[in-house]
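Colleague: From first to last, the protein sequence lines stand for chains P and F. So in this note's numbering, the last spot in the first sequence is 114, and the numbers never skip. So in this note's numbering, the last spot in the second sequence is 138, and the numbers never skip.
In case anyone wonders, no lab produced these hints; they're calculated from the structure. Among the hints, a few may not be true.
Claimed, not checked - Below, simulated DSS-like cross-link-like pairs (lysine-lysine); rule was C-alpha separation at most 30 Å, straight line:
no. : chain 1 : residue 1 : chain 2 : residue 2
1   : F       : 63        : P       : 101
2   : P       : 60        : F       : 63
3   : P       : 6         : F       : 77
4   : P       : 106       : P       : 59
5   : F       : 63        : P       : 44
These numbers come from a predicted model, not from an experiment.
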Amino acid sequence: EDKVVQSPLSLVVHEGDTVTLNCSYEVTNFRSLLWYKQEKKAPTFLFMLTSSGIEKKSGRLSSILDKKELFSILNITATQTGDSAVYLCALTQGGSEKLVFGKGTKLTVNP
Amino acid sequence: GAVVSQHPSRVICKSGTSVKIECRSLDFQATTMFWYRQFPKQSLMLMATSNEGSKATYEQGVEKDKFLINHASLTLSTLTVTSAHPEDSSFYICSAAIGGANEKLFFGSGTQLSVL
Numbered sequence: 004e005d006k007v008v009q010s011p012l013s014l015v016v017h018e019g020d021t022v023t024l025n026c027s028y029e030v031t032n033f034r035s036l037l038w039y040k041q042e043k044k045a046p047t048f049l050f051m052l053t054s055s056g057i058e059k060k061s062g063r064l065s066s067i068l069d070k071k072e073l074f075s076i077l078n079i080t081a082t083q084t085g086d087s088a089v090y091l092c093a094l095t096q097g098g099s100e101k102l103v104f105g106k107g108t109k110l111t112v113n114p
Numbered sequence: 023g024a025v026v027s028q029h030p031s032r033v034i035c036k037s038g039t040s041v042k043i044e045c046r047s048l049d050f051q052a053t054t055m056f057w058y059r060q061f062p063k064q065s066l067m068l069m070a071t072s073n074e075g076s077k078a079t080y081e082q083g084v085e086k087d088k089f090l091i092n093h094a095s096l097t098l099s100t101l102t103v104t105s106a107h108p109e110d111s112s113f114y115i116c117s118a119a120i121g122g123a124n125e126k127l128f129f130g131s132g133t134q135l136s137v138l
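If we strip away everything but chain P, and leave its shape as in the complex, we get (with noise of 0.2 Å):
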């Protein structure tokens, strides 16, 4: 069965400390990795990654997949009280737009 699994599920830091989230996947005819950011209702998109070893950064953000050990990682450096959310891994595998997702991990970032 196919899976995406997050980690840590929940997670409190200081603002100014850095964190990175996990998402690892076992899937059949993997596509792409997502990752949103889920703040009160309506997750936003961060990032797609399709290909291994290439970063992707905006601003204080960055992710990277890593396709031959079936992750990926979010980081967030010097992160602010706005950083608090639930972030959102998700996959979608060859031929379909379906969108498969972690429970997500729900950051908390404290003044």
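Since the structure of chain P is already known, use the hints to place chain F on it.
Modeller: Here is chain F on its own, set in the frame of chain P:
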């Protein structure tokens, strides 16, 4: 940027009633929309793929007669939870992609359904 509007944001209903949730793409046409359900502390689970002008495609284990999906136009898909029961209480969220590209997938703000 592109926006997907979902309405209502919250609904409380009695057991046995039906509830309709609307999902609109506000500034783009969406031939395909997706409906997800999220239980507390669980991941978003795809319920069905809504196709404009044709029948929806339901995921395994999702009752199509229970969750009626209508995608009558390129900007509107509706999900009707028929004869709702307390176990249907959940967070329902829709999404739509521009050009079918996942990196351009936009989510609605979700609907929290509580069935008494």
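Colleague: Hints first: check each against the structure and report whether it holds.
Modeller: Against the structure, the hints come out as follows:
1. F:63 / P:101: holds (21 Å)
2. P:60 / F:63: With Cα atoms ~28 Å apart, residue 60 of chain P and residue 63 of chain F stay inside 30 Å; holds.
3. P:6 / F:77: holds (27 Å)
4. P:106 / P:59: Holds, at roughly 22 Å.
5. F:63 / P:44: The given pair, whose Cα atoms are some 13 Å apart, holds under the 30 Å limit.
Every hint from the earlier list agrees with this structure, and none is contradicted.
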